[in-house]
Amino acid sequence: AQSVTQPDIHITVSEGASLELRCNYSYGATPYLFWYVQSPGQGLQLLLKYFSGDTLVQGIKGFEAEFKRSQSSFNLRKPSVHWSDAAEYFCAVGPSGNTGKLIFGQGTTLQVKP
Amino acid sequence: EAGVAQSPRYKIIEKRQSVAFWCNPISGHATLYWYQQILGQGPKLLIQFQNNGVVDDSQLPKDRFSAERLKGVDSTLKIQPAKLEDSAVYLCASSLAAGQPQHFGDGTRLSIL
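First to last, the protein sequences are chains S and F.
If you're matching positions, the first sequence starts at 15 in our numbering and goes up one per residue.
If you're matching positions, the second sequence starts at 10 in our numbering and goes up one per residue.
Simulated from the structure, these hints should not be mistaken for lab results.
Check the hints yourself; a few may be wrong.
Stated by the list, open to error - Here are the simulated DSS-like cross-link-like pairs (lysine-lysine), alpha carbons at most 30 Å apart as the crow flies: (1) S/Lys115 - F/Lys80; (2) F/Lys92 - S/Lys63; (3) S/Lys127 - F/Lys20; (4) S/Lys75 - F/Lys24; (5) F/Lys71 - F/Lys24; (6) S/Lys75 - S/Lys63; (7) F/Lys71 - S/Lys82; (8) F/Lys92 - S/Lys115; (9) S/Lys63 - F/Lys24; (10) F/Lys24 - F/Lys53; (11) S/Lys82 - F/Lys24.
Just chain F, same shape as in the assembly (with noise of 0.2 Å):
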């Protein structure tokens, strides 16, 4: 079976730009996560989506984050305006439920200038 699709792989922008990631996961996986991985740590989560709707958004920084899924499939993830400490990888994970293990994307890498 086809993975989780992420784009881009990389991004460069300068500080208060805006930025947006993309993420197509696993056909028939219910629920999605974003994931913010800063170097050196573990990943964590940013939001959890049981088709189109959230099910978890509790440490999203929600003044400058919003992430939506319209019609349960893709995801999209911006951010606006950047700030320095927003540099970090950005992994999508998928799952047919949630609880049931996580398959992640290969994440994008976003550098702030």
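The following block holds chain S by itself, in its conformation from the complex (with noise of 0.2 Å):
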């Protein structure tokens, strides 16, 4: 079965420190892989995604993710964290097909300590 998992309920840095957020997925084809942010009260936004190709893709607010097949995982990194990025996080896989069902992770929380 497609599933995804955040190990990190809960993560505190420090404003300026480096930022990695940890996803893993169970899939059986070439999966299609999504991070999005929510803040509260609001609706998710769409940082990056990976169809295909390059395994390092660039999204928006300077975050990144790298695609690494032999590990399942698809884990986003931000080099140096801003107070405004304290949010939850979404990692989701969506199938190949054409359904365009996405499976969501269970979210990592930020909190951004000054």
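Mind docking these for me? Both chains are given alone in their own frames, and the hints should help you get the complex.
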């Protein structure tokens, strides 16, 4: 069955420090992979996506993610975190078919210390 | 471009009452999704429309939930009767086509008393 695991429920980093959020997936074929961010009281905003090609993808707000097929991972990184990055982050996997259905992880809450 | 619009933003009802949510997707987006997000969890797909047809409603509790997208644009999601476990945020999303990136509305937060 398709699934997404985000091992870290809550992460705290200092402003200016680097960030890595982990995501592992289980999927039978080549997946589509996404990272979304959700600020309190708002919907989800797409940070970046991987469909195929270069395994290092760049997104908005200075985020990047690397697809590692051998590890079934798609970790999100940012070299220097800003206070405004505090939010909840969701990794999602989608089928390569035409249904468009996304399976989301349970999310990682990021807290940024001044 | 205008984003996905949802209303109301908040709704409080008592159990066994009925409630309806409305979604207006981004213009030209053929695919529309309704997700349920329970506190502390990721969104879970309830139903997916392609134009006005249902593509996937396998996780929709059909004994109490219904959804429609009659003209292939706006959509409504209804719960009747509501249960305590329906307390959640209901998110609507749309995409140009299935498999394309989904754009989310701000959601409707439903509280059941």
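Hinted pair lysine 92 of chain F and lysine 63 of chain S, Cα distance within 30 Å: Violated - the C-alpha atoms of lysine 63 of chain S and lysine 92 of chain F are around 36 Å apart, more than 30 Å.
For lysine 24 of chain F and lysine 53 of chain F, compute the direct alpha-carbon distance and say whether it is at most 30 Å. holds (22 Å)
Quick one, are lysine 63 of chain S and lysine 24 of chain F close enough, alpha carbons at most 30 Å? Distance ~39 Å between lysine 63 of chain S and lysine 24 of chain F Cα, so the pair is violated.
- Query: Quick one, are lysine 92 of chain F and lysine 115 of chain S close enough, alpha carbons at most 30 Å?
  - Reply: With Cα atoms ~26 Å apart, lysine 92 of chain F and lysine 115 of chain S stay inside 30 Å; holds.
ask   = Does lysine 82 of chain S pair with lysine 24 of chain F here, judged by a C-alpha cut-off of 30 Å?
value = Distance ~46 Å between lysine 82 of chain S and lysine 24 of chain F Cα, so the pair is violated.
Restraint check for lysine 71 of chain F with lysine 24 of chain F, where alpha carbons must lie at most 30 Å apart:
holds (17 Å)
| field | Given pair status - lysine 24 of chain F, lysine 75 of chain S, alpha carbons within 30 Å | value | violated (42 Å)
- Task: Measure nothing beyond the straight line between the CA atoms of lysine 127 of chain S and lysine 20 of chain F; if it is 30 Å or shorter, mark the hint as holding.
- Result: With a Cα-Cα distance of about 34 Å, the restraint between lysine 127 of chain S and lysine 20 of chain F is violated, given a limit of 30 Å.
Restraint check for lysine 75 of chain S with lysine 63 of chain S, where alpha carbons must lie at most 30 Å apart
Given pair lysine 75 of chain S, lysine 63 of chain S holds - Cα atoms ~14 Å apart, limit 30 Å.
Take the C-alpha atoms of lysine 71 of chain F and lysine 82 of chain S, compute the straight-line distance between them, and say whether it is at most 30 Å.
violated (39 Å)
Check whether the Cα positions of lysine 115 of chain S and lysine 80 of chain F lie no farther apart than 30 Å. With Cα atoms ~22 Å apart, lysine 115 of chain S and lysine 80 of chain F stay inside 30 Å; holds.
The structure fails hints 2, 3, 4, 7, 9 and 11 (numbered hints given earlier, in ascending order).
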